[in-house]
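Chains as they are written, first to last, in our numbering: chain A, 1 to 207; chain B, 1 to 272.
What the hints contain is simulated information worked out from the structure, not anything from laboratory work.
Glycine is no exception: its CB is placed at the ideal position from the N, C-alpha and C atoms.
All the given hints hold, so there is nothing to weed out.
From the derived model, a few chain A residues whose C-beta atoms are all more than 10 Å from chain B:
{"id": "1", "residue": "R25"}
{"id": "2", "residue": "E148"}
{"id": "3", "residue": "P150"}
Computed cross-link-like contacts, DMTMM-like style, restricted to lysine to aspartate or glutamate with a CA-CA straight-line distance of at most 20 Å:
{"id": "4", "chain 1": "A", "residue 1": "K152", "chain 2": "B", "residue 2": "E38"}
{"id": "5", "chain 1": "A", "residue 1": "K152", "chain 2": "A", "residue 2": "E137"}
{"id": "6", "chain 1": "A", "residue 1": "K177", "chain 2": "A", "residue 2": "E151"}
{"id": "7", "chain 1": "A", "residue 1": "K141", "chain 2": "B", "residue 2": "E30"}
{"id": "8", "chain 1": "B", "residue 1": "K77", "chain 2": "A", "residue 2": "D58"}
{"id": "9", "chain 1": "A", "residue 1": "K177", "chain 2": "A", "residue 2": "D58"}
{"id": "10", "chain 1": "A", "residue 1": "K141", "chain 2": "A", "residue 2": "E185"}
{"id": "11", "chain 1": "A", "residue 1": "K77", "chain 2": "B", "residue 2": "E76"}
{"id": "12", "chain 1": "B", "residue 1": "K77", "chain 2": "A", "residue 2": "D30"}
{"id": "13", "chain 1": "A", "residue 1": "K177", "chain 2": "B", "residue 2": "E153"}
{"id": "14", "chain 1": "A", "residue 1": "K77", "chain 2": "A", "residue 2": "D123"}
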Amino acid sequence: MTAPSRSGPAPAAPGDPEDAALVARAVAGDRAAFRALYDRHRPSVHRLARAFATLDPDDAEDVVQDAFIRAFGSIAKLSQPGRFGPWLLTIARNRALSRLGRRRAADRLTEDLTQETGALAEDVSAMPELGVEAELEVVRKIVAELPEGPEKETVRLFYVEGELSAREIAARLGVGKSAITMRLERFRAKVKRRVLAEVARLRGEGS
Amino acid sequence: MTHLTERSYELLLQGSLPPEDSRALARHLEGPCAVCEEFLASRPTADAADGLVEEGLGALVPAGGRGNDLEFARIEKRLRGGAPAPRRTSRRLAPAAVAAAVLAAGLAGILVPRGGSERPAWDGMKGAAPRAIPVRLRFLVVTPAPGGSPALEKGVSGQPVHAGASLQFEVESGRSAQAALVRVPAHGAPELFWSEQVVPGRSAVTVAGRPAAYPLAELGGVQRFVLVASDERLDPDRIARAAAALAPPVRVSGDLPGLDGLSLDVVEVEVR
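All chains should be built: construct the whole structure from the sequences, respecting the hints.
So, in structure tokens, the structure goes:
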């Protein structure tokens, strides 16, 4: 991954070269490559699903399974194979939101597997590459800026320590599952705002 | 003030927002904005920017939740066009059938399934098993209701359960195997209460062909249930030795002693 440049347009976006190689092998039908992609990305997909406290553990595992099925089923559509990770995570978040019923209406439009994953593959490829290090820097900065309080405590337990699911955090802190999901989503929106600021900056420099 | 709108958001993701607008938006989004954060938090679907966000969040700390053979096999099966394989067959049990099953199970302790748990996915390869079998144990908590069908609840390992409830178990195996279920109390001898040849996939624990439930009456405290599987014939003494090594409060981990050649999964409940 490359760090974002502050002096010019976004570089070409090769993404993760290891993923790129595995995706190429997977497209060629190499079962071991599918398994390697699954092993590499399963933890992050699982964590994404566990951030929704209102999803039970079985739902979270279903999200993981559905995300990989959809991604693997459309893997040939990924024009930038090195962007497999962000693409898969986007699919996974959609599966999680779908299970939460938050996008019931949208589901009717995007339920078709090929349509959904194909469109996402194009969108992911069109995004400038920030690089994991830059994304991580954004996340750390947002965490540091959070005022001490329940939201920061929740974020610390889930994203910084990383051992508890959102459901387990709800139980530990003695608050409702929805409240924990809301805190994590609020934090996530802050991160997304900053990520979009970076995207917008790179787009602006591209003129 | 340049708050995000549906239009500007869409154009930004597409790369079609005019550069000067992009720069203005970048300046605006650099700082806190409750309006824009609310806009982002309420997006009904994920988009390409979410992939970047999740990638950054995921890089904060190494994630657990490693994959396992069973789950990957399910994914492969569905990619090959197999029928969808929902993991929770238990949810689909008709209450009447369960009620009958619970009645049928009144004599010997028996059971059925539970859904996933908060513990890390287990690949069934505990111990130094040279030919480990991917296995998974799930359960349902069956609580009698006066004058009605019993209430069913997916079990989560570690949860408290009323002593009036029963547990229905489901065994999932990656291949044909000899399987057994053992209750391992914190104090006292393990109780082997079910043993059978299982086929690949999911098998409800049955008695005489009917799902049955393990009654928790007269039990108290932490009760651990161990699924033992092997390619070979399971000897009761061998099962007992393996189960005894897992008696609470022993922490179940990947390097348990005394589990030669056996594949295992464990769930537990706290009977109150």
